[in-house]
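J.: First to last, the protein sequences are chains Y and R.
FYI, numbering that gives the first Met the number 0 numbers position 47 of the first sequence as 46, with every residue one higher than the one before it.
FYI, numbering that gives the first Met the number 0 numbers position 212 of the second sequence as 211, with every residue one higher than the one before it.
The hints are simulated quantities; they were obtained by calculation from the structure and are not laboratory data.
Hints should not be assumed to be uniformly reliable.
[Unchecked claim] Here are a few chain R residues that face chain Y, going by a calculated C-beta distance under 7 Å:
#1 Thr-72
#2 Lys-75
#3 Asn-563
[Claimed, not checked] Derived DSSO-like pairs: lysine-lysine, alpha-carbon spacing no greater than 27 Å straight-line:
#4 Y:Lys-262 / Y:Lys-283
#5 R:Lys-582 / Y:Lys-73
#6 Y:Lys-75 / R:Lys-582
#7 R:Lys-73 / Y:Lys-75
#8 Y:Lys-220 / Y:Lys-248
#9 R:Lys-248 / R:Lys-262
#10 R:Lys-581 / Y:Lys-389
#11 Y:Lys-582 / R:Lys-73
We treat Cβ as the ideally placed atom computed from N, Cα and C, and that holds for glycine.
2 protein chains.
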Amino acid sequence: MAKTAHRYLEIAPWVVEERGFNEERSEVSESIFALANEFMGVRGSFEEGYSGQTTQGSFFNGIYESGEHIYSTKFKGFADGWTYMVNSVDWLYTRIRLDDELLDLAKISFRDFSRKVDMRTGIVERSFVWDSASGKSIRIKFERMLSMHTSHLGVQQISLEAINFTGVVEIDVGLDFGVTYNLRQSQPWSLLKHEASSTHAASLGRTSSSGHRVFSSLHLKTSRDVETSTFHLDRLVGATVKMELEPNKVETITRIAANHSEKDSDLSDDTVWTSGFLKLKAEKNTTWESALKNQRSYWESVWKQVDVTIEGDDENQQGFRFCIFHLLQTYRGEDPRHNIGAKGLTGEHYWGVTWWDTETYCLPFYLFNNRRAAKNLVTYRHHTLPGAQKRARELHLEGARYPMCTIDGDEICDVWQHGDLEIHVSAAIAYGIWKYVHITGDKEFLRDHGAEILIEVARFYASRGGWGQRTGKFGYWGVMGPDEMHTMVNNNAYTNILAKKSFEWALEVLDELSKEAPEALSAIKAKTKLQEAELSDWKKKAENMDTMLDESSGIFEQHEGFFNMPHIDYLDIPDDQFPVQKKWPYVDLFRFDLIKQPDVLLFFFLFGSEYSEEALEKNLDYYEPRCSHESSLSPAIHSILSARLGRHKKAYEYARYSSRLDLDDYNNNTCEGLHVTSMAGAWMNLVYGFGGMKTDGDILSFCPTLPASWNGFGFKIHVEDDAVLSVKINTETVSFKLEGTGFIKISVFSELYSVTSDGICIPLPNTHRDQTGIQNPVEEGASGAKPKDRTDGLNLARQATYT
Amino acid sequence: MAKTAHRYLEIAPWVVEERGFNEERSEVSESIFALANEFMGVRGSFEEGYSGQTTQGSFFNGIYESGEHIYSTKFKGFADGWTYMVNSVDWLYTRIRLDDELLDLAKISFRDFSRKVDMRTGIVERSFVWDSASGKSIRIKFERMLSMHTSHLGVQQISLEAINFTGVVEIDVGLDFGVTYNLRQSQPWSLLKHEASSTHAASLGRTSSSGHRVFSSLHLKTSRDVETSTFHLDRLVGATVKMELEPNKVETITRIAANHSEKDSDLSDDTVWTSGFLKLKAEKNTTWESALKNQRSYWESVWKQVDVTIEGDDENQQGFRFCIFHLLQTYRGEDPRHNIGAKGLTGEHYWGVTWWDTETYCLPFYLFNNRRAAKNLVTYRHHTLPGAQKRARELHLEGARYPMCTIDGDEICDVWQHGDLEIHVSAAIAYGIWKYVHITGDKEFLRDHGAEILIEVARFYASRGGWGQRTGKFGYWGVMGPDEMHTMVNNNAYTNILAKKSFEWALEVLDELSKEAPEALSAIKAKTKLQEAELSDWKKKAENMDTMLDESSGIFEQHEGFFNMPHIDYLDIPDDQFPVQKKWPYVDLFRFDLIKQPDVLLFFFLFGSEYSEEALEKNLDYYEPRCSHESSLSPAIHSILSARLGRHKKAYEYARYSSRLDLDDYNNNTCEGLHVTSMAGAWMNLVYGFGGMKTDGDILSFCPTLPASWNGFGFKIHVEDDAVLSVKINTETVSFKLEGTGFIKISVFSELYSVTSDGICIPLPNTHRDQTGIQNPVEEGASGAKPKDRTDGLNLARQATYT
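Sequences are here, hints too, so could you generate the full structure?
T.: Right under this line is the structure:
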C-alpha cells in the first residue's frame, strides 16, 4: 500500500476545513473533526444521525468493558482478560424533522455544506442548507465543544434559519446508551435510571461486565419559547422540541451537557446519579457564549506557550498545529489514572489502551509543554505498579513487569509474542521516570514514587536475564525488541542496553538518595524490602551486560545472529506485497534482516548524547536500508537521526508524513481514529530533528537545520513551570529567548550559551541549511508515491497501516 | 510429576488381567482393554453402561468432525480449520435388567470381578457375579472382539448363568449414535435412517459439519428362544430380549456387528445404507465360534513373525508384547488413507491426528514387521501430497509443506509456533520414503509416488531457506526443531541436516532413475514440471548447508546461539515444577539450554552409520544432561544411543519406562488413551537399542547387549516378504537364523556374516553384557521415583505427561 496524500481539506494555519461533503471520506472526517478534553472524546459524527458510512463514537477516559480472552490454545502465562475503551452514551444525540422528513445527509437534498475545526477555540462547526422534500429550505449550523475549562462539560448549539417559509421544525435532543461497540458488534450498556423534562434530561448507564457507570445529562436552552415533550425508548431518553421558525431569523437550541463517570463499584447507583446531577446543576447558568469565552481563553493561553511556527509552508504549519491540538486534547494532566491510547479518544481501534511507547514517544512532548501532564504520565505508572508486580509473579519473576498494553495496569495483550516477550516495556517506564526527573528535577516525585518503580524494574531485569555460557555476559533470551519483525530473539541490543540503564538508574538514584535524603531512602528500603545484595547483583549485571556492540564494525548487532540473517532487498519486494505485515505469512516476517522500525537506532535517539556522529553514521547506514517503516513511529526517528548527520534531504523526506499523516490520510486508516502517538513523534521530529535538540545530556543542546522549502520555523520549550525557551530559526540565524526570569544554559552547535529574556542570536551555518531545493512535498506527492520514489532511498512509499 | 509405576494388573507373558475391579483406575483400564483393528477401535468401557468415571469411546479410522479454529488474534498463514476423530456410534450398547434393577457396576452389588485381554486372540473378556437387590445371583461374562480377519466385523458375546433362581433377564442390545465427544462436550451425530427387528438392527448416522457417515448394524443370536421387542429413542435403536434363565445353565446372546464408514458426500444415504447392509448380510452365518477361530488363527500367524521374547523378565515380556499387540491393532496395512494417531484408536486425546513422528518413530516397526503397512504409511503421504502442496502455497512457498498434524492431509495445528515453524516435518516424510525404499527396494513405489514426493519436498526446502550473510551458508531461519522447548530459532541443526538429506535423496533418486528408468523419469519430470536448474540449485544448497557442526568441539550446535544459552541445571529445578511444560510460564521454556527431547541426538540415531562412536560420545555427553525428556519419545532414543556406547546401565534405565509405560500408567495419563507412538519407540528401544541394530547402512548391522536382569531376549526382522531374520541373544551367544530360503548378509559386532536357514551363533563379548547387576526396575521403582533417583544421572524421574 503506497503512502499517498489524500488531500480534501483546506489549507489554513489555524483552521481545518472541509468544503462540500466528501461522502467517501465521511469516516476520515469523523476522526479529523473529533474533539476531546482528556476526560471524554467524541468522533466528528453527525449528531442528527446518518444512514451512510459512519462510525459514531463517544468515549470516556478509563471507562472500559472487560472480558476473558478466548485462546485456541492457551499456555501458562498468557494474559487472561481483555479491556476496551467502550463506546459510551451518545450525549449529542439529535434528530431533526421537517414536515415528517428526517434530516439524514445520506438521503435528503442539501447544499453549501462545510465543516471546520478552529484550533484557536476547539470548536467544531458544520453548516448546510437543507432543501426539504416539501420545498422548504432551512439553513442549519451545528457547533460543539468539549470544554477545556470544565472537563465534564460539553456544549452543543444548533442554529436554524428558515429561508423560504414559516413553520415548525421538530428536534429531538437526547442521551442514547443504545450505542454499538463496533469492533465487537456489541451493545455493552444497560440503562439504570433516567429522567426527562422540558428543560433537562439525565440518564445513568452501566457496562455489563466491568460494571463501569456513566451519567449523562443535559440542560436544554432555546432562543424562543417552544413546545416540548419527553421521550424514552429502550436506552434512549430525551425531549422533543417543536420550534417555530420564521424566514431569515436564526433560532438556536443549546444543549449544556454534563457527564460523569464512575469505576468504583462500591458506590450506589443513587450516589453516582447524585454526583452527576450536581455537575449538571453547576452548569445551570452556562450558555454557549460563556462556554465559548472560557474555551477561547484556554486555548489562547495554551497556544502562547506551545505553538510551533513554520514560515513559508502553511501545509506543515497546519499539520504541526493539528498534532499539538490533538495531543493536548488527548492528555493534559487532568487525572493521573489516565494515559494515552494509540488513537487517543478518537476511535475504537487499538481498544483505547496504553502502549509502551507512551514514555519513549509521547512523554517528551508533555515534558516540554505541559509538566503537569508529564507528571501524571509517570504517576500513572505508579498507580499501576501493583498490576505490573502481579504480572511479574504470574511469569515467575521478581519486581515489576509493565504491560505491553493496558488500560488500568493489567496486561491485556493476547498475542503472547508481544505480551510475554517484549520485556523492554518495563525499561521504557524506568526511562520515563529517569527522563522526567532528569528534566524537571522533581526529587519529591522520585522519593515518593519514582525510586520504588526503579527498584522494582531493576528487580524484574535481574530475575529475567541469564548469563551467556559462551560470552560470560549477562543478557536476555527469548525476547522481542521494539522491532516487532523479529519475534523471539536472544540478546536484543535495545532490550539489553535499556535493562543495563535500568540497573544504572536504580543504583544512581539509590546512591543519590543515600547522600541527599537518607530518611527517605530508609522508608523506600523498608517498603520495598531492598537488600544490599541486590545492589551488587544489579551492578554486576549492568557491568557485564552484553551490549551487542560488534567492536570490529562499530555496529550494534540488533540481536544474536542478526548479522547472519538472510538479506532481503526491500526494493525486490513487489509493490502488492505491502504492508508485508498483512500480506506475508506471519512466519515470513521473521526470517530476513528486514526490520519494522528503529531498534538499535531507537537507543541512538534516546541516548543521543552518548554516541559519536561516527558511531551513529555506521549504525544508521547499516539499519536504515533494512527498515520497512511498517510502524508509523519509524520515520520520525529516522528523520531526527538523519538531521543529526546533516542529511537534510533524507531528514525532510522522512518527516514529510509526520505532520499531515492524518490530515492527508497517508495510511488510509485515519477513519479508525487519529494517530496520536505518531503526532507526538511529529513534534519530536520538528524539535529533536530540525531543531536538533538533545535532552539526555547535562544541559539542553541544539543543532538546528532548516529544510529547503521553509523560510523559518520556531518552537517553545518549557524549561521550568514559569519559564519558556522560545527558539526561532530563519534562513540566517537561530535565536533563543527565555520567556521568564533568570537564565538557562544551553549548547548550540556545541558552543555553550546562557540565555535570558534578552535572547541570543547565532548565525545559522550554511551546512545547517538544506540547499538541495526540495519543493513542497505534497505538490509532488499528492497524486500518490510512485515506485520511482524509491530512488529516494527511503522505504516510506510503502509504510504500513499499523498504529 | 514423578514417573511412578502404578501396578494393578497381573503379570503374565500373554495375558493382561485385572483381578477385582479397580474403580479408581476405571478409565486407565478402558485404555488398557481397548481393542482396534485399524478400521475401528473401541475403548474397554462397560457396554452395559456405567454411571461411575468413564470415557466411552468408539472410533472409525479417518472419520472426523471438522470446524474452524477460533483465534484470539489470527495472523496470515495460521491454519484455518480443525478436525478430530469423532466419537462414533456405540455399537456395543447393552443394558441388562433383572427384576427392574439395572446392571450398573457403580451401583449394584457384585463379586468375582475380573477382566483380561488375551494377546493370542485379541479377545477382551470380563466376568463377575451380580447379586441383585431381589436376592438373585447371576454370573455374567462379556466377551468382545474386533475382527482382524474382516475388519468391519465386531462380535460381542454375553454369557448369563443364573446361580440361584429361575427367571427372566431383560437385555437391550442396541446401536447408539447419541454419544458425546468429550473433548468438546458435543454430540456430533444425527440419525439419518434406522430399522430394527427381532433378529437385527441397523442405523445410519452423519456428523453435522464434516458430513461423514457411519452405518452400524447387528445380527442377534441367542442360545435359546427368546421374546424380543424393538426400541428407538432419539439416536438409539435396538432390540430388547427377554431371556429365561435356569440355574447353572449358561445362556448366550451374541451380537454380530457389521460397521461401515463413508466420507464421500457424493454418495446418497441409500447407497451408503445398502453398502453397509451388504456387509451385515455377508456375516449372516458368522458365529462367536467361527469368528474366534479366525481371530485366533490370525494372531497365531502374526505372532510367529513378530514376537519378541524376554527371558527372565515377565514384566518386560508382557510389556513389549503389549506394545506390539497394540501397534498391530492400530495399523496393519488395511487402507493407505489411514495413518497412526498418537493414541491410536484408543482415546480422543490428540484428536486422532497423525504427527510428524509417524515416519521417524513408527515406520521402522512396520518396515521390519509388516511391509504392507509400511507401504501404506508412505503411500498415505502421497495421498495427502495435494494438501501439503496447498499448504506450501498458503505460506508463499514452493513444493510440499507437510502438516504438523492432520487426519486427511490438511494442516490443523492451531499453535502457529508448531504448525508454521516445525518445517522439519516435510523432511521426515522424505526420510520415510528414503527409508522405505532403502529397506524394501520397492522401486515401483519410488517411480509411482516416492520420487514426486521427494521432488516436492526438495522444492519446499529450496524455497524456505536463506543464505547466511555472515557464514555464506544455506540454512533455515525462524524454525523449530524436534526439541519443542526452543520455539523459534535459526539454523536448527536437525532441520538443516534433514533438509540437506532431502536435497540429496531427491538428487540421488533422480540420478538413479535417469540411469535405470529414463521413461519413468520423463513422466515424473513432466508431471512435476521439473527444471534442470532446480537440480543444480538443490545441489548447491545441499553442499553449502550449514550443518552447525562446531569443528573445535565436534559437537553440533542445536541451533545458532544454543551454546551461549544460559544453563539451567535440571537438578536445581524443584520437584514441584515438573513437568515444566505445564508448570512454567510458556516463555520460560525457551530461554535456557534445557531441551525437551533429542534434537541433535535424533539424527545421530536416524543416521547412526554416519557418525563415529567418538562423535556420538561427544554429542551425547553434551546434550544428555540438558534433556528433560518431557516427551515420551525421548528416553528410547537415549537408551539406544547409550547402548551403542556400551553404557549398559544408562541404556537399561532409560528403557525402563518403554515397555510398560501404559500398563503401569507411568505418566498418569493412560486414561486418555494408549501411547501408541511411544509403543513403537519401545520396539525400537529393544531392537535398535539392546539389539544394537542399525538400518541406515548398506546392510543390516547388529551389536547386541544383554541387560543385567535378563537371561536372554529375541526378536524378528522381516527382511523380505517371505524371509524373517530371527535374532536370539542369551548370556553367552548371539544367534541369527533366516526363516526362509536364501541368505542375508549382516554385520555383527562389525564383522560380516552371511545368514541362512542354518543360522549362525556368535559369542557375546563380555563387554556387551551388563554386569552391573541391576535388579528388576519395577521392584525398586514401583513405589515412586524418589528424588534420590537423580543420582542415576537421568532426568527420567520427572518425565512429562506429554504424548
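J.: Confirm or reject each hint.
T.: How the hints compare with the structure:
1. Thr-72: holds, 5 Å
2. Lys-75: holds, 5 Å
3. Asn-563: holds, 4 Å
4. Y:Lys-262 / Y:Lys-283: Within the cut-off at roughly 26 Å; holds.
5. R:Lys-582 / Y:Lys-73: holds, 13 Å
6. Y:Lys-75 / R:Lys-582: holds, 7 Å
7. R:Lys-73 / Y:Lys-75: holds, 19 Å
8. Y:Lys-220 / Y:Lys-248: Measuring from Cα to Cα gives roughly 17 Å; hence the hint holds.
9. R:Lys-248 / R:Lys-262: Violated, at about 45 Å.
10. R:Lys-581 / Y:Lys-389: Holds. R:Lys-581 to Y:Lys-389 sits at ~20 Å (cutoff 27 Å).
11. Y:Lys-582 / R:Lys-73: At roughly 13 Å apart (the allowed maximum being 27 Å), R:Lys-73 and Y:Lys-582 satisfy the hint.
Comparing the model with each numbered hint stated earlier shows that hint 9 is the single one that does not hold.
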